[in-house]
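Student: For reference, the chains in residue letters:
Protein chains: 2
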Amino acid sequence: MSETLRIIPLGGLGEIGLNMLVVEYGASAVAIDCGVMFPEPSMLGIDLVVPDVSYLRDRPERLQAIVLTHGHEDHIGALPFVGRELRVPTYATGFAHALVEQKLAEHELALPLQRFKAGDTWRVGPFEIEAVHITHSIVDAVALAVTTPLGTIVHTGDFKFDQTPLDGQPSDLRRFAALGDRGVLALLSDSTNVERPGVTPSERSLGPKLEAVFRRAKGRILVSTFASHLHRIQQVFDLAALTDRKVAVVGRGMVQNVTVGQELGYLRVPPGLLVDLGELQRLPAERVALITTGSQAEPLSALTRIAMNDHKQVTVGPGDTVIFSSKMIPGNEKPIFDVINHLHRRGAEVQYETVADLHVSGHASQAELALMLNLTRPRYFVPIHGEYRHLVRHAALATEIGLAAEDCFILEDGDVLEIDSVGAHRAESITAGRVFVDGKGVGDVGDVVLRDRRHLSDGGMVVAILAVNQHTGEIISGPDLVSRGFAIEDESQAYLERAKEVVLEALAALAPESRTIPAEVKEEMRKALRRYFKKTLERRPVVLPFVMEV
Amino acid sequence: MSETLRIIPLGGLGEIGLNMLVVEYGASAVAIDCGVMFPEPSMLGIDLVVPDVSYLRDRPERLQAIVLTHGHEDHIGALPFVGRELRVPTYATGFAHALVEQKLAEHELALPLQRFKAGDTWRVGPFEIEAVHITHSIVDAVALAVTTPLGTIVHTGDFKFDQTPLDGQPSDLRRFAALGDRGVLALLSDSTNVERPGVTPSERSLGPKLEAVFRRAKGRILVSTFASHLHRIQQVFDLAALTDRKVAVVGRGMVQNVTVGQELGYLRVPPGLLVDLGELQRLPAERVALITTGSQAEPLSALTRIAMNDHKQVTVGPGDTVIFSSKMIPGNEKPIFDVINHLHRRGAEVQYETVADLHVSGHASQAELALMLNLTRPRYFVPIHGEYRHLVRHAALATEIGLAAEDCFILEDGDVLEIDSVGAHRAESITAGRVFVDGKGVGDVGDVVLRDRRHLSDGGMVVAILAVNQHTGEIISGPDLVSRGFAIEDESQAYLERAKEVVLEALAALAPESRTIPAEVKEEMRKALRRYFKKTLERRPVVLPFVMEV
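Those sequence lines, one after another, are chains A and B. Start counting the first sequence at 1485; every next residue gets the next number (the numbering used here). Start counting the second sequence at 1485; every next residue gets the next number (the numbering used here).
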């Protein structure tokens, strides 16, 4: 008799990023991916978000392995944090392996890392894991076929069906077909681009468009793209060689990835093409191309500094062309447009998403998602990697393909899908969620702290300090009021003086027996000040009263 | 001999929103528009941004009138604030006039308001002002031709050349042609959509698309759009009538504008079509349509409440269709998608920008901007209403039309273009900028306050309080540490206890003569705590030390 199979998303279902999903059979489990989410604007002061893995931590023997589908941060970035708690064999393909090694070294963490490649099959506990090559905006990306005693689960990872990828290796369509032939129990498929009709354009389709810009450009060319996108970087190298330009690489992440990409043989760079910045500066502008980080206007990135005229070695000016070969990640539009405006102020010509089509997505559009569904013809379907709206739409697409609505399961983080020999059904949810990383602290900033930060950011704060005689309650000194982020100091001085009187009046009205109880005095101060700020200025600063008994 | 003509943008050049521009001849001036900007995410706690009008305030006799081109907030919203300082005759067309009246009443401010209509010409000081009808996403929008002794300045306001507007009144093309014939000294033209090739689709083109959704919908239909967009609202009324649905209007702003629109005759509503919510609830779902505010996911708006299942009278569920007939204003994407996800969770079908084409812009695209340039054939060109990238692109478009590059002036707020009988040139810039409105306070929150709020939002704050003997410097009590937005209280208690010891050690190491100087004690406390938080947690809370001398 077989045990129960459980599919448990710990992240990435109901949100973009934070991808981590557990496949559990009986008392054994593997996790697929271990990614971060970049903080939303409301997560004030947060550096990173990692998945809450308490479900696995509380069952120490259960997890047998973590398998990574590719090297993007939203699939590997949580490993340094999660890995401290769950030290299990961790499997990654070549490029992802190199990125993870670097990352773990930076965090001074050693994990039992294993390398695998597309086509490999290996056993972990009751699972047979097979890696199937797929195309994505990073090399060495795979889908996983996890075969359990109850059947095979196909997890696509992030993918598109690029039929003419730059490296000549399209997704392994025939393997997906063979898996479908053999029978797929459940398909878990990438929903990121389900809102887009048709087919995502091939990476190769960018070539002629980028070439046109390269041929037109009279001065220097700066191309900003994602540092892990080796195929995009290859296209820039190729075009530079074609148009007789030398290339320099700017920005720490870009330099790292270009180095790793060359070492692993993913980047083919003709000798003499790549030069350092010093050499580049001696070349005429029309012989120069730069590849830089900063496509998301990260504050310390090369391109942002260049735009602000704050880079030590690189400047841009009239005649130069800056290309954003990247998508504006939602939420980053404002800072990216700030950088674009600054580049215009320096006189550069700027090519970006809204005016030029110099990027293609790495995620499958509707026709490709339908193709994946038709190739694998799963018994059950679980849309993954997406906000709720994406998951709903992907499930609707599956029903158009012919799946029964009751065989499509829209799960969110912590939801549990149980499959046994009888069928599939939702089981009781488990604890899942987001853990905030703030500086060196992991998990010590929670929702209450964020609520306080929002409150502070909204109205600043006013601290009120009073010294009282601990026996009589008589005011010895104060109240002194100190504010931050409340109002311009010069203008608020007189205002805060009046606020002091308001506090004194409120305390004078307090019953004598309350005056010796600090908690009551504090509460009265808080109430009086809040009321006063609300009435006079319609503001709600954080009011922090303090009573010192001496 | 003629005087000098000066064009002085006080807002809206180098940014979206905050539109206000001064045309000055000798010692007389008129201002065109008086708009707000909605705060950017970095403007923490700010409710509104209004233009800094100190240039006009410091020259009390200069401003003769404010003329409003149309009733959008980014053209009229600053009037209640600016109007307190600059009480001059203010001119508005019918619908804008009604909106301004409402707005001033809410702010308990009376201004000398004048009504005008497209085609009107009137004198203000040395200026002859003519209003030219243009089409935009609000009724009663005009361009202005301001004739001075040196020539005519055409200010387009916001516009598109909708050749088939819903009310049958296209922009007054022939008047622009006539002005061009007579000679236009300078054209100031809307740059908002200069990044878009071709022509912005007509408002009328939405009809069939919306109709298809109305005909397909089985349950209730909720349409969310901008409350001032009477033509869009008219289309919803018409389609509801066509498909045998009754309409209720939800949301304060929507109710107000529909009322005004009916009173002024802009909305034609067949008797019996419009019903109240109570009546609507007694109708079967397929007989119901709602028009609501909340297309930008404003937290208190009707649609946001409905999505959260928090509206007193309206719920949505499976079978219902929600239409966002609106653009996602940049920066609002995240909250809008949150609302969309929640609507999906309730089972509704949702039509929005990324999946359906149910909105058209009110701003001219490249071909229309070129048409405006060709109709008016100005001597000088100043692109207005846009970020720097828009202004650069619009100037480049003008040179393609045949204007000389040196006759195109890219100005930003506070820049001054002087034109005299000899020619045009940039003059020294004047003071311009942004004034923040926070609650009832106007201008008492500045950049330093915002920096403090950012700092507070990033790391929270820690207040450290010490009571010392004012003569000996001996510590009587403390340090007591209180934090907000720093870390979860339970987890940080032990940590803050250690921080106290760090403070005491630092103070013990202080020279005895420094211990009686509160400023030095405070500085030492601040330094010790900052160092400690940085080293142990890599965090930078606002540290506020306080020394009470008793």
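Honestly, the hints are just simulated from the structure, not real lab data. Hints should not be assumed to be uniformly reliable.
Remember, identical chains collapse to one label, so a pair may be satisfied in a single copy or spanning two.
Once the Cα atoms are required to be at most 30 Å apart in a straight line, the calculated DSS-like pairs of lysine-lysine come out as [said to hold, decoys possible]: (1) K1601 x K1924; (2) K1818 x K1924; (3) K2019 x K1730; (4) K2011 x K1984.
Values in this document were obtained by computation on a predicted structure and should not be read as measured data.
Student: Evaluate each hint against the coordinates.
Tutor: Hint check results:
1. K1601 x K1924: This pair counts as neither: shortest intra-copy Cα distance 34 Å, inter-copy 63 Å.
2. K1818 x K1924: Both ways: K1818 and K1924 sit 28 Å apart in one copy and 27 Å across, limit 30 Å.
3. K2019 x K1730: This pair counts as neither: shortest intra-copy Cα distance 65 Å, inter-copy 42 Å.
4. K2011 x K1984: both (13 Å within a copy, 29 Å between copies)
Consistency with the previously given hints fails for numbers 1, 3, ordered from lowest to highest.
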